[in-house]
Amino acid sequence: MEPTKTAAVDSRALGESVVNRVFVTVGVYLIAGVLLLLGIGLQLTGAINNFATAQNMLNIIDAVSMLGIVAVGMAFVTYSGHYADLSVPTTMAMTGYVAVEMLKYGFFAAVAAALLVGMVVGLINAVAIGKFRANPIIWTLAVNYMSMGVIRLVWVNKQIYPDMTASTVRASQMFDAIFRLRFFGRIALPMVMMIILVIVFQFVLRKTKFGVQLKMTGAARTPARFSGINVELMIGIAFVICALTAAVGGLTVTSLNRVGAWYNGEGYDFRAVTAVVIGGVTLAGGRGSIVGVLGGVLVIGILNNILTLLGVGTFSQDMIRGAIFIVVVFINARSLRKMGRDYE
Amino acid sequence: MNNDSKKGRGREKTLTFIDRNRIFLLFGVVFLVMALFAPRFMTSFNLTTIMRTTAMNATAAIGFTLILIVGQLDLSIGTIITFAGVVGLGLKQYIGYGGSVPIAILAGCAIGLINGLLVAKAKISSFIVTLGMLTLLQGAIYTITRGNSISLSSPDAFAVSDWLARMIIPLITPRVVITLVLVGGFTVFLRLTRVGRNFYMVGGNRQTAWLSGMDTDLYTIVAFVISGFTAAVGGVLFAMEGAAATLNLGNTSLMYVISAVIIGGTAMSGGKGGVLKSFFAILMLDVLYNGIILFGLGNEVKIFIAGIILAAVVLYEAYTRYKHDKTVGQRAELLKEVDELKERIKTAKHRAAV
Amino acid sequence: MSDQQRVVALQMKHVTKQFPGTVAVNQVDFDVFAGEVHALVGENGAGKSTLMKMLAGSYDDYEGEIWIGDRQVNLHSPAVAKANGIAMIYQELSLASPISIAENVLVGRLPVTGLGLTDKRRIVEDAKNALERVGLGHLDPDMAIEEISQHEAQLVEIAKALWNEPGILVMDEPTSALSREEVELLFQIIERLKKEGLAIVYISHHLPEVFRIADRVTVLRDGKKIATRAVAEVSRQEVVQMMVGKSIAEFYRHESHATETETLRVENLTRFGFFHEVSFSAYEGEVLGIGGLSGAGRSELGRALVGLDEVDHGMVFLHGKRLRISSMSAAMARGIAYLTENRKSEGLALRLSLRENVLVSLVPRHTQGGVYKQSLGEPKLQELIAELSIYPPDPERMMNNLSGGNQQKVLLAKWMAIEPRVLVLDEPTRGVDIGAKSIIHKSIERLAQQGHTVLLISSDLPELVALSNRILIMREGRLIREMAKEESTEEKVLLAANGEGV
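Residue numbers (the working numbering), protein chains in the order written: chain Z, 1 to 344; chain L, 1001 to 1354; chain X, 2001 to 2502.
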């Protein structure tokens, strides 16, 4: 038995008040700001071109809006204390396939079918993890593989094209427009969707019964249960939300690529978790905000943009992102350790 | 004490035996079924193919088994396999296999060491550490190779490749031998040495292990190093035999290895399981998948079934825990009178209904 | 066992252990002879566990002397304690469940052959020998701990401790999970160990057992030793008197505000294996005490009343109407609440703020159309902070930063916030300083005054007796006694909890 220690007041812990919470969220945007300044600085020194243009800024947001859609859904899973949903990539791909197939019944049928796919996957996760407490990493990983199998079974290696399956030209055009529709000539639909989702989800997280109860569930599962919260339901809903946003993300990616393919969605699981963690939603659960996640997404976007303009290859960017992830988590690790949350 | 009769105890013992050795029995059953019903299963060519595919994952499974035994998780094994293959082959033109292979394997150990240190000393959960490492390595692999697979065409590369693939005796190629030696060696180590047994205690009850004088942090770190080592060996061997290292060499390995190790009886909660069991589990899965293909069902069915097996295994473990938790804390004395109580309730209900 | 042959195996002289703010063990003298079972009894907080931890080597800063045989030792680490022949058996077994009996018993010291490999034959042999000593010679040492019963596992734990050939064995509540027969078997083993010359310290709440197995008994209270007596020369009554002491004036009896209006009625409530056929009524304005030893099923009963655990049989009535409670939120909606005994692991979200912890119970009530208005709870929050003198009164402060007493107040505030008709309190002042305790007591009384019904589950006897109107006693899952206010004294409650004088 270890010698008992008297509870010391942790000076770090003293800081975890509203001020600190706001600071974390603001902090992300500060980092984004710093990166912007860095980009401008690099442009001034001639290292990169065309960074500080409106076009480039919109490019950045365009590039990350799909990630943003997925990340704000993933945030709910992390917020609930269940780390991440690793079945997102195949959910996205499967959604794409199903939507393209269903275009033969029209655009709205396709969208409805896509959301249905998300719903089903979300429910499967909800039951296994929410009710039976399966390890979320391993389980969603398994679901990912199962979905990959389903994709292989049904479509083998085929890629299917919307313009070929669509019942009408109109339907195909509408599907195309998911990614390409521009408001005021410049603002793309995915961007709009992301912003709407951020606003709605932020509201849900802060101001609804679900969000508040989810926070308690993520911060302390058993006390939440002992306070009358239906934790299984909370966790289940979080996973359903994540799967649904993955479905929407899948629609956008498929629209972008103009093809239903098994690689739509590749990499989104990890990139989304990185954005979520950078955005202040700690892996321990019960802390963070959707606005912060948006900041995280922007940080990733700006960083990628700068690196691309500098000529750094995409794979190197992956590596850098991995390193950033580890660093951010390391900083977070103290709070993880304090909470004693560890997956064995 | 126990009201069990001798017969009851005997039956209990059989059940325990079956439960403990279930993977060997399962393997036997699956093999038998395939042998009897799958066309062309029992050909030398087919069986050799099975052995060859098994070897890579089986080697990585050795380390992964150890990781689970000490109660941790290593999600990076897939990328370590690929990384080692890429390094092993990529450096060959500069320093030959004699130089590149040891470097590749050392790299695997180094990665394992980093993982281990972050988990044991920095106290970050193994899931996060290995997930981060996974991405880092992925990026590194792509950066080094610039997105191209490595495939060698020099005569000596082929010579090595042939040598590795040559059948010494039916079914056994040198690569298989290396795998079997590693499996055998680690099985003996974990089953029959004091240090090996200590790993189980570290995973079974960390506190007790510590109090019995074991440096639990060191054991954890060593487990990760071994995991890196075996993954690297698996990757390098496979790459050398095919004289090619594709970028998704180890991609499916994680799923394979996790399913196999858990099916084989090594629990995620730590403290139990074994290398031999994992080996047979991998064999069984490969026989199963092989059979599926032989039956004419495509690759797709195989992947689907692989996913379902993993999901089923995970759900089964979760469900048993769920059921068990419900009964924690029951008083023995009270349990004894439950049947009698139930009777009384029934008769009371009966009487009330009348 | 004649006096001349007695060898003192362990002697603790004037040992003292202080913690910030409290003296847990105060100048205690304690000794054990070889071949004796010396029981250590006392209420919660009396200092038993601290004294035991001292023996285990958990503290490096105690005062006083500890002698093993004729050597003085400094038990500053668990390793030293072990090296001096002290073996501890805790309630929480140190065994690893997936691992075999043999490897658990021989942990860290598996016999090896000349080749360095583990000697399977000797492992089994040694394990069997160890198991023989505790009457488990018939077990297969290869079986995993998870494959044997709880009772057998406990004996394995003892076998493991014995393997080191200790001179002193310390057992902490060894019988809490055992059936009557298993207790008998354990006692047989203990008798055998006595004859072998082992000195055994037996810590327990259960007086009947103490009187059965111990030779001497030492009573601790408030960190001090009250007395040491030979078991044959003292009665249970006397022991209880010593444990309980005289009631201090500050815990004056509270007036009862109980009315005739029945709020809660429970009929034959049963949860198989936890509590059977419990029936009682509770009234408006009443503080109904529920006493009993730990493990009697009181917390389980409380949890069942609010739907946290399922119920196998029986009925609950609220104001005469049948209640079917499927979940805790349903219970809360009907006005029944439960305050858990584990404030840190089950009661509070330590990483969240004071405000969030208190208002979480009000969330359903302050939600309209899915939208939750936190500000609605603000007045109530301020009111409760003031009423309970929660310090620091900063609603933003993280719960982690509050003292135990204040944390408990927050927990209580959470449940007071919803103004339940029936509030079940489980150990509401455990680990709480005197100031907070009295504030909580005042609040409990106020609740009763206002007409609420309070079910007070408590092991703190003065508190139970002072606050309660009637007291129900539970023992081994059954309700065995109801005590009226006039006849309840701390001694009577403790005796009844132990199955005496029923």
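It cannot be assumed that every hint is accurate.
Capping the alpha-carbon separation at 16 Å, the derived lysine to aspartate or glutamate pairs in EDC-like fashion look like this [stated by the list, open to error]: (1) K1123(L) with D1217(L); (2) K1349(L) with D2394(X); (3) K1346(L) with E2255(X); (4) K1349(L) with E2277(X); (5) K1326(L) with D2309(X); (6) K2128(X) with D2142(X); (7) K1336(L) with E2182(X); (8) K131(Z) with D1325(L); (9) K104(Z) with D163(Z); (10) K1336(L) with E2476(X); (11) K2442(X) with E2255(X); (12) K1326(L) with E2255(X); (13) K2380(X) with E2419(X).
Here are the computed distance ranges between Cβ atoms for each label pair [to be verified]: (14) V1188(L) with A112(Z): 34 to 40 Å; (15) S2279(X) with A1353(L): 17 to 23 Å; (16) E2092(X) with T1252(L): 39 to 45 Å; (17) M164(Z) with S2375(X): 51 to 57 Å; (18) N1148(L) with Y105(Z): 41 to 47 Å; (19) V2080(X) with T1252(L): 49 to 55 Å; (20) N2342(X) with A1122(L): 25 to 31 Å; (21) S2077(X) with L1180(L): 44 to 50 Å; (22) E2486(X) with Q1207(L): 45 to 51 Å; (23) I187(Z) with A1312(L): 45 to 51 Å; (24) K1326(L) with P2020(X): 29 to 35 Å; (25) Q1207(L) with D2119(X): 25 to 31 Å; (26) S2279(X) with K1326(L): 39 to 45 Å; (27) E2486(X) with K1323(L): 30 to 36 Å.
Bear in mind the hints are in silico, worked out from the structure with no lab data behind them. Don't be surprised by glycine CBs; every beta carbon is placed ideally from N, CA and C.
Those earlier numbered hints the structure runs against, lowest number first: 2, 3, 12, 14, 24, 26, 27
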